[in-house]
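Read in order, the letters of the sequence shown correspond to residues 1 to 125 in my numbering.
These are computed hints drawn from the structure, not numbers from a lab.
All values reported here derive from a predicted model rather than from experimental measurement.
It is possible that part of the hints are untrue.
[Claimed, not checked] Computed list of lysine to aspartate or glutamate pairs in EDC-like fashion (alpha-carbon distance at most 20 Å, straight line):
hint	residue 1	residue 2
1	Lys73	Glu123
2	Lys2	Glu119
3	Lys73	Glu119
4	Lys73	Asp55
5	Lys2	Glu47
6	Lys2	Asp80
7	Lys73	Glu93
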Amino acid sequence: MKDIVETAAAPAAIGPYSQATTFGNLVITSGQIPLTPDGTLVEGGIEAQTRQVLDNLVAVLAAAGTDLGRVVKTTVFLADMNEFAAMNAVYAEYFQTPYPARSTVQVARLPRDVRVEIEVIAERH
């Protein structure tokens, strides 16, 4: 059975999608971009944007009854792969060993011309 996850502690969906869905014990998030919960775009470099994205994911996962420690897979989309090291340093502040599997790709463009978008798959408690 699929359920929808919604929380005011993360930005609302800006299109026809949900912040996350659950399927059994899995939580699959939509990609989060660096918007604050009120929808304001976080200005600044990749570090500030990555931090906001991960804070959004923390909020969505909490609404689904789980947390970053239960994430099994992440996908990171970067506007510029030259910013990988800076993104990775912030990412490492949020995840601890054993780290989830991860893919990181450079894309031509992201919504609102942000620097980073991240989606995750997690297990619920």
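Outcome of the hint check:
no. : hint           : in the structure
1   : Lys73 x Glu123 : holds (10 Å)
2   : Lys2 x Glu119  : holds (18 Å)
3   : Lys73 x Glu119 : holds (8 Å)
4   : Lys73 x Asp55  : holds (17 Å)
5   : Lys2 x Glu47   : violated (34 Å)
6   : Lys2 x Asp80   : violated (34 Å)
7   : Lys73 x Glu93  : holds (17 Å)
The structure fails to meet hints 5 and 6 from the earlier list, while all remaining hints are met.
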